[in-house]
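**Q** Spelled out from the first residue to the last, the chains are:
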Amino acid sequence: MNALSPFPAPLGGACDAPVIRQERGQREVFCGLTGIVWLHRKIQDAFFLVVGSRTCAHLLQSAAGVMIFAEPRFATAILEDRDLAGVADIDDELDAVVDRLLTRRPEIKLLFLVGSCPSEVIKIDLSRAAARQSRIHAPRVRILSYSGSGVETTFTQGEDACLAALVPTLPEEAPNAPPSLLVVGALADVVEDQFARLFDALGIASVRFLPMRRAANLPSVGPNTSFLLAQPFLADTARALEERGARHIEAPFPLGVEGATLWLQAAARAFGVSEARFHAAIEAPRVRAAQALTHYREALAGKRIFLFPDSQLEPVLARFLSREMGMRIIEIGTPYLHRRHMASELSLLPPDTPIVEGQHVDRQLDRCRAAKPDLVLCGLGLANPLEAEGFTTKWSIELLFSPIQGFDQAGDLAELFARPLRRRVRLEA
Amino acid sequence: MQLTLWTYEGPPHIGAMRVATAMRDLHYVLHAPQGDTYADLLFTMIERRGARPPVTYTTFEARDLGSDTAELFKSATREAYERFSPQAMIVGASCTAELLQDDPGGLARALNLPCPVIPLELPAYQKKENWGAAETFYRLVRSLAGARCERPQRTRKLCNILGPTALGFRCRDDVREVEKLLDGLGVEINVVAPLGASTQDLTRLGAADFNVSLYPEIAHTAAQWLERAHGQPCTRTIPIGVGATRDFLAEVARLAGIDPAPASQSEESRLPWYSRSVDSTYLTGKRVFIFGDATHAIAALRIARDELGFAIAGVGTYSREFAREMREAAARYDVEALITDDYLEVEAKVAELQPELVLGTQMERHIAKRLGVPCAVISAPTHVQDFPARYAPQMGFEGANVIFDTWVHPLMMGLEEHLLAMFRDDVEFHDAAAPSHLGGKQMLQNPSASVVASDIVLSWAADAEQELKKVPFFVRGKARRNTEKFAAENGLAIITVETLYDAKAHFAR
Chain E
1 MNALSPFPAP LGGACDAPVI RQERGQREVF CGLTGIVWLH RKIQDAFFLV VGSRTCAHLL
61 QSAAGVMIFA EPRFATAILE DRDLAGVADI DDELDAVVDR LLTRRPEIKL LFLVGSCPSE
121 VIKIDLSRAA ARQSRIHAPR VRILSYSGSG VETTFTQGED ACLAALVPTL PEEAPNAPPS
181 LLVVGALADV VEDQFARLFD ALGIASVRFL PMRRAANLPS VGPNTSFLLA QPFLADTARA
241 LEERGARHIE APFPLGVEGA TLWLQAAARA FGVSEARFHA AIEAPRVRAA QALTHYREAL
301 AGKRIFLFPD SQLEPVLARF LSREMGMRII EIGTPYLHRR HMASELSLLP PDTPIVEGQH
361 VDRQLDRCRA AKPDLVLCGL GLANPLEAEG FTTKWSIELL FSPIQGFDQA GDLAELFARP
421 LRRRVRLEA
Chain G
1 MQLTLWTYEG PPHIGAMRVA TAMRDLHYVL HAPQGDTYAD LLFTMIERRG ARPPVTYTTF
61 EARDLGSDTA ELFKSATREA YERFSPQAMI VGASCTAELL QDDPGGLARA LNLPCPVIPL
121 ELPAYQKKEN WGAAETFYRL VRSLAGARCE RPQRTRKLCN ILGPTALGFR CRDDVREVEK
181 LLDGLGVEIN VVAPLGASTQ DLTRLGAADF NVSLYPEIAH TAAQWLERAH GQPCTRTIPI
241 GVGATRDFLA EVARLAGIDP APASQSEESR LPWYSRSVDS TYLTGKRVFI FGDATHAIAA
301 LRIARDELGF AIAGVGTYSR EFAREMREAA ARYDVEALIT DDYLEVEAKV AELQPELVLG
361 TQMERHIAKR LGVPCAVISA PTHVQDFPAR YAPQMGFEGA NVIFDTWVHP LMMGLEEHLL
421 AMFRDDVEFH DAAAPSHLGG KQMLQNPSAS VVASDIVLSW AADAEQELKK VPFFVRGKAR
481 RNTEKFAAEN GLAIITVETL YDAKAHFAR
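Chain order of the listed sequences is E and G.
Anchor point for the first sequence: position 252 equals 252 in our numbering, and the numbering is continuous, going up by one each time.
Anchor point for the second sequence: position 50 equals 50 in our numbering, and the numbering is continuous, going up by one each time.
Be a bit skeptical, because a hint or two may be false.
Below, a list of computed lysine to aspartate or glutamate pairs in the EDC-like style, where the Cα atoms sit at most 16 angstroms apart [to be verified]:
{"no.": "1", "chain 1": "E", "residue 1": "K109", "chain 2": "E", "residue 2": "D99"}
{"no.": "2", "chain 1": "E", "residue 1": "K109", "chain 2": "E", "residue 2": "D45"}
{"no.": "3", "chain 1": "G", "residue 1": "K470", "chain 2": "E", "residue 2": "E192"}
{"no.": "4", "chain 1": "E", "residue 1": "K123", "chain 2": "E", "residue 2": "D91"}
{"no.": "5", "chain 1": "G", "residue 1": "K470", "chain 2": "E", "residue 2": "D189"}
{"no.": "6", "chain 1": "E", "residue 1": "K42", "chain 2": "E", "residue 2": "D193"}
{"no.": "7", "chain 1": "G", "residue 1": "K469", "chain 2": "E", "residue 2": "D99"}
{"no.": "8", "chain 1": "G", "residue 1": "K286", "chain 2": "G", "residue 2": "D201"}
{"no.": "9", "chain 1": "G", "residue 1": "K504", "chain 2": "E", "residue 2": "E275"}
{"no.": "10", "chain 1": "G", "residue 1": "K469", "chain 2": "E", "residue 2": "D91"}
{"no.": "11", "chain 1": "G", "residue 1": "K470", "chain 2": "E", "residue 2": "D193"}
{"no.": "12", "chain 1": "E", "residue 1": "K123", "chain 2": "E", "residue 2": "D99"}
{"no.": "13", "chain 1": "G", "residue 1": "K504", "chain 2": "E", "residue 2": "D91"}
{"no.": "14", "chain 1": "G", "residue 1": "K469", "chain 2": "E", "residue 2": "D193"}
Note that these hints are calculated values from the structure, not bench results.
Remember, predicted model here, so these are calculated numbers, not experimental data.
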């Protein structure tokens with residue numbers, strides 16, 4: 001099977017490339033603040049302070065509160081009438097909140113002030129506030145800012161904004177530094193460790209990850225740095241790294257056996273690793289990943305799936321599901337499509353796959369109902385209503401909260417899609 | 001600016017959503033940025049509703065701010081009317097849209113839609129969720145209930161039940177229980193609202209002889225207006241607890257001009273006998289801390305002291321609108337009320353008072369867990385667990401039964417407590433051990449470096465052991481067993497990281 005070959009030939013040419021259409025209307029997606037839910041666990045001594053409204057606090061609590069039982073490393077500084085009316089001095093108020101917070105959590109080394117819709121609309125300059133507070137709290141705590149507002153960011157773009165804010169603070173690598181690899185995008189720790197071992201087996205000596213697990217472990221960056229994107233939603237971060245002189249290694253994303261193979265292969269080629277060494281390094285995990293996938297192929301092959309827009313992972317998932325699991329793609333929704341970063345993914349999609357960028361949720365639901373898919377990938381607001389109508393759904397936020405990248409998670413990724421189908425069969429039996 | 005880790009209430013437009021979602025054939029158009037649609041999941045995930053809330057969001061983005069957000073609002077409203085054909089619409093702004101000052105009410109009026117359109121002014125930087133729900137319900141009632149009409153004299157009196165909403169704490173079951181109580185008295189129900197009511201139902205509110213307000217946080221404003229405009233008196237007693245339920249029946253009987261005796265004798269709660277039975281002796285004087293919305297916290301005071309024999313260590317509410325009522329109630333129980341919506345302040349209070357039981361919200365459950373104090377949930381904000389599959393009202397006589405079980409079960413059983421006091425150094429009973437029925441016993445870690453499986457002695461390489469720790473704890477045991485089984489079957493003596501993943505792939509299902 002083509003998908004199992006380490007070097008699959010791209011399918012599509014320019015003539016039968018996927019059909020990309022744009023749609024506008026009500027969007028049923030999270031805002032960028034939601035990224036805090038996983039970022040605050042990834043960077044273990046960082047804290048995220050949203051400067052926003054009660055709605056922001058309520059969102060974070062609703063999206064995350066039901067899942068997290070320890071005290072979170074995020075909070076909201078809620079704007080009140082007196083802040084808006086100019087009765088209170090925003091700078092003084094914010095300084096007091098940050099003081100209180102840092103006193104309560106002395107272990108925090110990195111604080112992000114996170115902009116929201118209201119703070120953007122009333123134009124609170126958080127970068128200036130961050131610089132001022134950095135001076136107050138240096139060297140114990142560094143304070144940075146970014147915007148996770150819904151007027152500017154959709155869901156995973158919050159992570160992009162956060163990492164892009166980190167890039168200018170990364171140390172400059174030495175001019176004569178040996179070539180190094182930077183893997184960009186939050187991954188589960190276990191996935192990161194697996195990739196580190198594989199890069200080691202390929203003989204790529206210097207490999208670092210962004211975001212780092214500890215605030216102090218900032219990777220250095222410069223013209224001898226090459227970077228691989230582990231997630232498809234990092235447009236601004238990639239641009240910021242390129243401005244620092246780093247070179248982007250274009251590749252598909254490491255989902256599924258094929259994705260993981262091509263992603264690693266792109267790095268191997270950029271670092272001059274021989275084909276023989278590459279094959280030797282990935283052979284064992286590749287074979288067992290392929291074996292793991294066979295368990296799920298029967299459940300998924302031939303099934304029709306409709307993907308609602310959520311995380312920008314949708315085209316990547318569709319490529320995996322169609323090429324490795326034999327699923328048929330009805331529609332790929334994505335909140336935003338980065339043409340350049342997604343180019344190698346798009347070329348692997350079945351010809352004429354409809355891609356819809358943006359959203360008009362009611363029309364999309366009409367199309368979904370008319371198409372009667374076997375499986376629907378969608379957000380939490382739509383999943384139970386669609387189930388109640390008789391559809392089988394997979395909630396998409398789980399794809400951000402589960403380790404799904406790399407060879408040893410390929411089976412888990414397939415399982416996420418197979419389980420709802422299997423469950424439905426069980427409950428009907 | 002207020003530092004907030006958790007919030008007891010959402011913004012006021014969430015309150016409006018709770019009213020809209022509770023009703024039929026009403027649609028809410030909310031001027032809001034993309035991202036505010038997260039609110040849908042409160043209803044579809046936490047309450048497990050099988051339909052989307054009847055809400056259209058304009059979901060404007062940065063590029064719309066530069067052009068015309070007002071036009072976006074108009075087209076969204078027009079489209080929502082055409083698609084959903086509601087009998088009435090409510091329109092308003094969320095926190096961000098409030099800053100844009102687009103005037104949703106005026107814009108919607110200009111569309112001349114062929115249904116009533118009711119504008120909502122919900123100041124997001126001053127008010128909160130319950131106020132938003134109360135205001136929305138009041139605006140709906142005021143707009144739709146019409147003018148006062150003459151009510152005929154009837155033998156069976158007619159009443160409305162006001163206050164239950166979507167996403168409300170046990171509203172679904174409370175309504176059923178209260179309907180049963182009213183039926184027992186021979187009182188007929190005209191309309192229940194907002195939960196399950198159509199906009200048409202709201203036009204019939206005036207036909208009732210009086211109102212029953214179940215949740216003052218939400219019903220109070222509308223009930224007051226109905227009292228003034230339609231001459232309908234309203235109940236004051238909330239039937240939570242045995243004593244309060246009896247008082248409620250008496251109050252309803254008085255409003256309906258009937259004899260309460262048959263109803264209060266026909267069905268009673270098991271709570272009084274369970275509380276008197278000797279096994280409950282251990283409840284005597286247990287120090288409880290109570291926190292929740294005002295309605296549930298005030299009701300809990302009476303049950304805790306007078307019906308279960310607890311001692312009140314402290315009480316409080318996040319419902320600032322009902323601070324006066326809360327303070328008065330607290331004074332009757334010789335405590336001072338804590339009025340705050342600051343989670344950190346509540347946490348400090350619980351730590352200071354060191355109660356033996358916390359009766360609170362999901363937030364207090366977090367606090368109690370951290371402090372190692374048993375806790376039962378008595379009030380919103382709600383969590384998926386607060387929508388149980390079984391019938392579990394808080395109100396009426398069955399509600400009192402539910403409350404007895406819910407509050408008493410987190411505590412140690414009487415005999416267990418005695419044994420604990422007698423054998424303090426017992427390995428399972430030592431100070432740090434939690435009650436056995438809560439599964440709180442500390443499992444000793446068994447870091448077995450090598451195990452015997454079949455005939456081969458297996459050992460774990462250090463890095464494999466390390467890798468295993470990355471597996472989530474709740475499946476780690478299974479991962480360990482599977483890996484060892486796999487290694488044994490394949491004649492491997494040393495388990496490496498590779499073995500771990502080979503086994504994972506082998507057992508993948």
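**Q** With reference to the structure, classify each hint as holding or not holding.
**A** Here is what the structure says about each hint:
With a C-alpha separation of about 13 angstroms, the suggested pair K109 of chain E and D99 of chain E falls inside the 16 angstroms cut-off, and the hint holds. Between K109 of chain E and D45 of chain E the alpha-carbon distance is near 6 angstroms, which keeps this suggested pair within the 16 angstroms criterion. At most 16 angstroms may separate the alpha-carbon atoms for a hinted pair to count; K470 of chain G and E192 of chain E meet this at roughly 11 angstroms. The hinted pair formed by K123 of chain E and D91 of chain E meets the criterion: a straight-line CA distance of about 13 angstroms does not exceed 16 angstroms.
For the given pair, K470 of chain G sits about 8 angstroms from D189 of chain E by alpha-carbon distance, which is consistent with the 16 angstroms threshold. Taking the CA atoms of K42 of chain E and D193 of chain E, the gap is about 14 angstroms. The hint holds against a cut of 16 angstroms. Restraint check: the Cα-Cα separation between K469 of chain G and D99 of chain E comes to about 36 angstroms, which exceeds 16 angstroms; the hinted pair is violated. Only pairs whose Cα atoms come within 16 angstroms are accepted, and K286 of chain G paired with D201 of chain G is rejected, the gap being roughly 46 angstroms.
The straight-line distance between the Cα atoms of K504 of chain G and E275 of chain E is roughly 28 angstroms, outside the 16 angstroms bound, and the hint therefore fails. About 44 angstroms separates the Cα atoms of K469 of chain G and D91 of chain E, which puts this hinted pair outside 16 angstroms; it is violated. Distance check on the hinted pair: K470 of chain G and D193 of chain E sit about 10 angstroms apart at the alpha-carbon level, within 16 angstroms; holds. Distance restraint check for K123 of chain E and D99 of chain E: the Cα-Cα separation of roughly 22 angstroms exceeds the 16 angstroms cut-off, and the hinted pair is therefore not satisfied.
A distance of roughly 53 angstroms separates the Cα atoms of K504 of chain G and D91 of chain E; the hinted pair therefore is violated under the 16 angstroms criterion. Proposed proximity of K469 of chain G and D193 of chain E is supported: the alpha carbons are some 13 angstroms apart, at most 16 angstroms.
Going down the numbered hints, you'll see the structure goes against 7, 8, 9, 10, 12, 13, while the others check out.
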